[in-house]
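For this one, chain A is given, so just place chain B on it according to the hints.
There are 2 protein chains.
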Amino acid sequence: MKRSIKREETEGRLLEVGLSLFIQQGYHGTGLKEVVDQAQMPKGSFYAYFDSKEAFGGSVVNHFAQQGLARLAVSLEQAPDPLLGLRAFFQANRDKMESRGFAGGCLLGNFSNELGAQAHEITPHLLQGLGNLSLHFAEALEKAQELGLVRQDLDASTLGDLLLNGWEGALMRAKTQVSPEPLDQFLTSFFDHLLKP
Amino acid sequence: MKRSIKREETEGRLLEVGLSLFIQQGYHGTGLKEVVDQAQMPKGSFYAYFDSKEAFGGSVVNHFAQQGLARLAVSLEQAPDPLLGLRAFFQANRDKMESRGFAGGCLLGNFSNELGAQAHEITPHLLQGLGNLSLHFAEALEKAQELGLVRQDLDASTLGDLLLNGWEGALMRAKTQVSPEPLDQFLTSFFDHLLKP
Numbered sequence: 001m002k003r004s005i006k007r008e009e010t011e012g013r014l015l016e017v018g019l020s021l022f023i024q025q026g027y028h029g030t031g032l033k034e035v036v037d038q039a040q041m042p043k044g045s046f047y048a049y050f051d052s053k054e055a056f057g058g059s060v061v062n063h064f065a066q067q068g069l070a071r072l073a074v075s076l077e078q079a080p081d082p083l084l085g086l087r088a089f090f091q092a093n094r095d096k097m098e099s100r101g102f103a104g105g106c107l108l109g110n111f112s113n114e115l116g117a118q119a120h121e122i123t124p125h126l127l128q129g130l131g132n133l134s135l136h137f138a139e140a141l142e143k144a145q146e147l148g149l150v151r152q153d154l155d156a157s158t159l160g161d162l163l164l165n166g167w168e169g170a171l172m173r174a175k176t177q178v179s180p181e182p183l184d185q186f187l188t189s190f191f192d193h194l195l196k197p
Numbered sequence: 001m002k003r004s005i006k007r008e009e010t011e012g013r014l015l016e017v018g019l020s021l022f023i024q025q026g027y028h029g030t031g032l033k034e035v036v037d038q039a040q041m042p043k044g045s046f047y048a049y050f051d052s053k054e055a056f057g058g059s060v061v062n063h064f065a066q067q068g069l070a071r072l073a074v075s076l077e078q079a080p081d082p083l084l085g086l087r088a089f090f091q092a093n094r095d096k097m098e099s100r101g102f103a104g105g106c107l108l109g110n111f112s113n114e115l116g117a118q119a120h121e122i123t124p125h126l127l128q129g130l131g132n133l134s135l136h137f138a139e140a141l142e143k144a145q146e147l148g149l150v151r152q153d154l155d156a157s158t159l160g161d162l163l164l165n166g167w168e169g170a171l172m173r174a175k176t177q178v179s180p181e182p183l184d185q186f187l188t189s190f191f192d193h194l195l196k197p
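Protein chains in written order, with my numbering: chain A, 1 to 197; chain B, 1 to 197.
In isolation and in its complexed conformation, chain A is listed as follows (with noise of 0.2 Å):
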């Protein structure tokens, strides 16, 4: 039982090691070695708990997703309303890409850029965790439509794709111009007109 906790815990480190580099360096910029290294543990060692950097890097895809589904389900749930949520989701991923100095943003847009339908262990995770989130966007829109807050002209499922898909166009765009601008830009155009009734 010990053991088995303190394998959970060693696991999350390596997760939490690899999600630091990969958004920062790429999956081909960043080595086994260094996540290791920062991980503090020897190298032979990760191979009891992933079989490979690949399918490691699909692990790292799926903590990401999870950490983001987590966080948007708690900005939902001290909302007053679903669109309030939502935007509040957004605004504190703002946020943090300027605690960040604009690098790093989105690995699941990152790696998507990166890797596309190349990556056989790392694309499955990749096209599940853009799904997820787009699906639970769109639930918080659907919602939002009912209470008469967004347009109904278009369904919350095409609604839920334009709000992630216009969200990694603005941060490839604020990661390049190191600038909050896009993001304000997109949050402000999206929410205040876009998706006005």
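Treat the hints with care, since some could be wrong.
In the BS3-like style, the derived pairs of lysine-lysine whose C-alpha atoms are separated by at most 25 Å in a straight line are [as the list claims (entries may be wrong)]:
| # | chain 1 | residue 1 | chain 2 | residue 2 |
| --- | --- | --- | --- | --- |
| 1 | B | Lys6 | B | Lys33 |
| 2 | B | Lys6 | A | Lys196 |
| 3 | B | Lys196 | A | Lys196 |
Calculated directly from the structure, the hints in this document are not laboratory data.
Leaving out everything else, chain B in the frame of chain A:
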């Protein structure tokens, strides 16, 4: 005179080969050896044309952006109104993505994601290329606003950025899904719904 024409031809060949490799494999995934081999010239001669890989990367970005602006100008000239011209430009890019199996995409977006603000000799060209494209989209959208074809509660420069960034996000999804669906969804939503007055 003859020599200078030959020089321009060789430089043009290097830029075309670089564009094709960079867009498929990324900046770090492409070696100069590969570029000169495909361009059928000795590696030493490369430095008669470009000072470094980064300087070359910057010139390839300019080359790509200029091609994009030229194609946009043709689309706008041939269309009955600026909105149809813009849409034809994106439809042609969508078809090109399909013909390439949804690999590659937009060099400006790919390099922005891979290099962000870090590449001192490339980042300024990315900023200029993205800024110029957005500006030309905005000019067309402003004319469409004057014709009453486009909503006026958002200014044309904001709409130009929403178009560019939304397209980049949709490209990312299309590459990962190996499908035109995100591109079609974005174009239909943006032109048939979100832009409507």
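Enumerated hints in conflict with the structure, sorted upward: 2
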